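S.K.: So the chains spell out like this:
Protein chains: 2
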Amino acid sequence: MGANLTVAVDAMSGDKGTGVIVDAVRQVLNARPDANLLLVGNPDEIQRHIGDQPLPAGRADIVEATEVVTMEDSVAVALRNKKQSSMRIAIDQVKSGRAAACVSSGNTSALMAISKFVLKTVPGIDRPAICTTIPALDGHTHMLDLGANVDCSADHLFQFAAMGSILAQAIDSADQPTVGLLNIGSEDIKGNLQVKEAAELLTNSSLNYIGFVEGNEIFTDRADIVVCDGFVGNVSLKTSEGVARMVSHYLKEEFLRNPVNKLVGLLAKPILRSFGNRIDPRRYNGASLLGLKGVVVKSHGSADAIAFANAINIALLEIDNDVPSMIAERMSHSLSSIA
Amino acid sequence: MGANLTVAVDAMSGDKGTGVIVDAVRQVLNARPDANLLLVGNPDEIQRHIGDQPLPAGRADIVEATEVVTMEDSVAVALRNKKQSSMRIAIDQVKSGRAAACVSSGNTSALMAISKFVLKTVPGIDRPAICTTIPALDGHTHMLDLGANVDCSADHLFQFAAMGSILAQAIDSADQPTVGLLNIGSEDIKGNLQVKEAAELLTNSSLNYIGFVEGNEIFTDRADIVVCDGFVGNVSLKTSEGVARMVSHYLKEEFLRNPVNKLVGLLAKPILRSFGNRIDPRRYNGASLLGLKGVVVKSHGSADAIAFANAINIALLEIDNDVPSMIAERMSHSLSSIA
Numbered sequence: 009m010g011a012n013l014t015v016a017v018d019a020m021s022g023d024k025g026t027g028v029i030v031d032a033v034r035q036v037l038n039a040r041p042d043a044n045l046l047l048v049g050n051p052d053e054i055q056r057h058i059g060d061q062p063l064p065a066g067r068a069d070i071v072e073a074t075e076v077v078t079m080e081d082s083v084a085v086a087l088r089n090k091k092q093s094s095m096r097i098a099i100d101q102v103k104s105g106r107a108a109a110c111v112s113s114g115n116t117s118a119l120m121a122i123s124k125f126v127l128k129t130v131p132g133i134d135r136p137a138i139c140t141t142i143p144a145l146d147g148h149t150h151m152l153d154l155g156a157n158v159d160c161s162a163d164h165l166f167q168f169a170a171m172g173s174i175l176a177q178a179i180d181s182a183d184q185p186t187v188g189l190l191n192i193g194s195e196d197i198k199g200n201l202q203v204k205e206a207a208e209l210l211t212n213s214s215l216n217y218i219g220f221v222e223g224n225e226i227f228t229d230r231a232d233i234v235v236c237d238g239f240v241g242n243v244s245l246k247t248s249e250g251v252a253r254m255v256s257h258y259l260k261e262e263f264l265r266n267p268v269n270k271l272v273g274l275l276a277k278p279i280l281r282s283f284g285n286r287i288d289p290r291r292y293n294g295a296s297l298l299g300l301k302g303v304v305v306k307s308h309g310s311a312d313a314i315a316f317a318n319a320i321n322i323a324l325l326e327i328d329n330d331v332p333s334m335i336a337e338r339m340s341h342s343l344s345s346i347a
Numbered sequence: 009m010g011a012n013l014t015v016a017v018d019a020m021s022g023d024k025g026t027g028v029i030v031d032a033v034r035q036v037l038n039a040r041p042d043a044n045l046l047l048v049g050n051p052d053e054i055q056r057h058i059g060d061q062p063l064p065a066g067r068a069d070i071v072e073a074t075e076v077v078t079m080e081d082s083v084a085v086a087l088r089n090k091k092q093s094s095m096r097i098a099i100d101q102v103k104s105g106r107a108a109a110c111v112s113s114g115n116t117s118a119l120m121a122i123s124k125f126v127l128k129t130v131p132g133i134d135r136p137a138i139c140t141t142i143p144a145l146d147g148h149t150h151m152l153d154l155g156a157n158v159d160c161s162a163d164h165l166f167q168f169a170a171m172g173s174i175l176a177q178a179i180d181s182a183d184q185p186t187v188g189l190l191n192i193g194s195e196d197i198k199g200n201l202q203v204k205e206a207a208e209l210l211t212n213s214s215l216n217y218i219g220f221v222e223g224n225e226i227f228t229d230r231a232d233i234v235v236c237d238g239f240v241g242n243v244s245l246k247t248s249e250g251v252a253r254m255v256s257h258y259l260k261e262e263f264l265r266n267p268v269n270k271l272v273g274l275l276a277k278p279i280l281r282s283f284g285n286r287i288d289p290r291r292y293n294g295a296s297l298l299g300l301k302g303v304v305v306k307s308h309g310s311a312d313a314i315a316f317a318n319a320i321n322i323a324l325l326e327i328d329n330d331v332p333s334m335i336a337e338r339m340s341h342s343l344s345s346i347a
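Same order as they appear, the protein sequences are chains A and B. With the working numbering applied, the first sequence covers 9 to 347. With the working numbering applied, the second sequence covers 9 to 347.
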């Protein structure tokens, strides 16, 4: 197995257990004949889920791990006391070069801290950021940071914009993706100091900066990448999840209100399903930890096999396009242009 | 006309013109026989829309204004150069005691600045905040600040919590409404410095503080009031608008995809309408500017008559419950407990 298209998969973290991970691995191995996967976890448990349908020979190795980082573990505990965890060992595979990427459904803070500690950040990047894809009318938007960095300077926001651009190029094969800065109004006078300063840095950069965008514009095609600090990004992402859940709940409630509605609901089922598919969060599963010397993708804790497979596919796209090196190259330009 | 239940209505601001305001006034006068309204604007234009169906005698006076604050006007221009604007004169009615509240669909920044300048803030309140009602499962949530204050200290967040509690008591007749602080995680270690400090202030206060809430929890019944700084609140509110618009768009598109879907859509129409009514933004129109020596309510610029009437009703509820005095009383307690 070459390191090139190999992804180390944390098979012990996440709410749904090892079975879902094994199913996702099987899906990806079938869809991507060029990819190899390492399953990091309890070998017996993994074998039990593989069962009597072996994975393609030579393309899926098992790497033993004896511990799990739980959702309750503090970053300090995860980092210092769980060196035999599936998360740590999956990241170690990237460090040693055996894999080029790691995918985990575990504790985000721990994943970020261990990745930073083991892999280190790319020169020119102060803080890695978390970037995810969000459904938008006629496409999707990449948004970062989503919670790794609570207080951000203008420089940090600029670095996020640069990293997001490179990720969008990799995922969308876009040439000059547009970058918007999340703000509370389109007028220049609005916004906080960091955002105003970041706008200046972006205007004077080679990035395709299009100006301020407001919260509602995340879901339009106004910008390919929306940049904000981690506090704002996390609130915005969770707000959108909350609204989507409330809307689905109300819709379901109305179609179940009485026998007539239920009958119409039965007729409308394929329409509602096709509607649901378009905003299916599983299609968007997989948040990239950007700015590290290696590809790390965070899957949602409750991801099923389809969702987890999507996260692995994002990792493969990042490897295909060598996102970490592209970020390093971009930052070396920025650094030399400042010097 | 007594000042007690009199609301001054800015009849010139907003995208929809004076006709919509006159219709809203008519609705409110019919529904609330104890309320009086002042229509501030161009008397000919107002009369033209009243037409041959006069408003109830003695309950609706016209006050002349000769200028309009536009959406493009800077705060400085609105404040210094537009003293004959409908917005300014409507607020002046509150200052003079002729009205107890003002409702306007105009420029939010101008409305806040003029209100602060003319009415002044309640002692103990550093900055007025904007609070609106947001639909939530089994009810609604009050959220503030929504954009008046970009950088907030812990003290400011505490003041927002106190003001929001009083507003929720007024609007919902709730006894001890619950207060949550918007944060990016429920663990104590997460969040920025201001939020952590505000949590301490709230824990030690007599408010019914329930802890941190995340973005998705705004739309549940976890807290009656959600407190955050204006940058985060504005992004969150606009994010929710964007998601709701995208979801409606997709839903409509699926029901119009082909003739069969259109037919099912026809059958489902009453169900979809009743669904739409539950998240109808018109039901939630009317954001309260809290912390001023007088009631000021901002209506959405594109409000129709139903929506604008809702904003007037919120103003009436705030007068009914004397929200400004309640805030002043609450803050005097806080001040004396600190002293």
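Mixed in with the good hints there might be a few duds.
Any copy will do: because identical chains look the same in the list, a pair fits if it lies in one copy or spans two.
Computed list of lysine to aspartate or glutamate pairs in EDC-like fashion (alpha-carbon distance at most 20 Å, straight line) [said to hold, decoys possible]:
1) 198 with 225
2) 260 with 146
3) 128 with 100
4) 103 with 80
What the hints contain is simulated information worked out from the structure, not anything from laboratory work. Predicted model only: the values in this text are computed from it and were never measured.
S.K.: Each hint should be assessed against the structure and marked as holding or not.
M.R.: Now for the hints, and whether the structure bears them out:
| no. | hint | in the structure |
| --- | --- | --- |
| 1 | 198 with 225 | within (16 Å within a copy, 27 Å between copies) |
| 2 | 260 with 146 | between (25 Å within a copy, 14 Å between copies) |
| 3 | 128 with 100 | within (12 Å within a copy, 61 Å between copies) |
| 4 | 103 with 80 | neither (26 Å within a copy, 55 Å between copies) |
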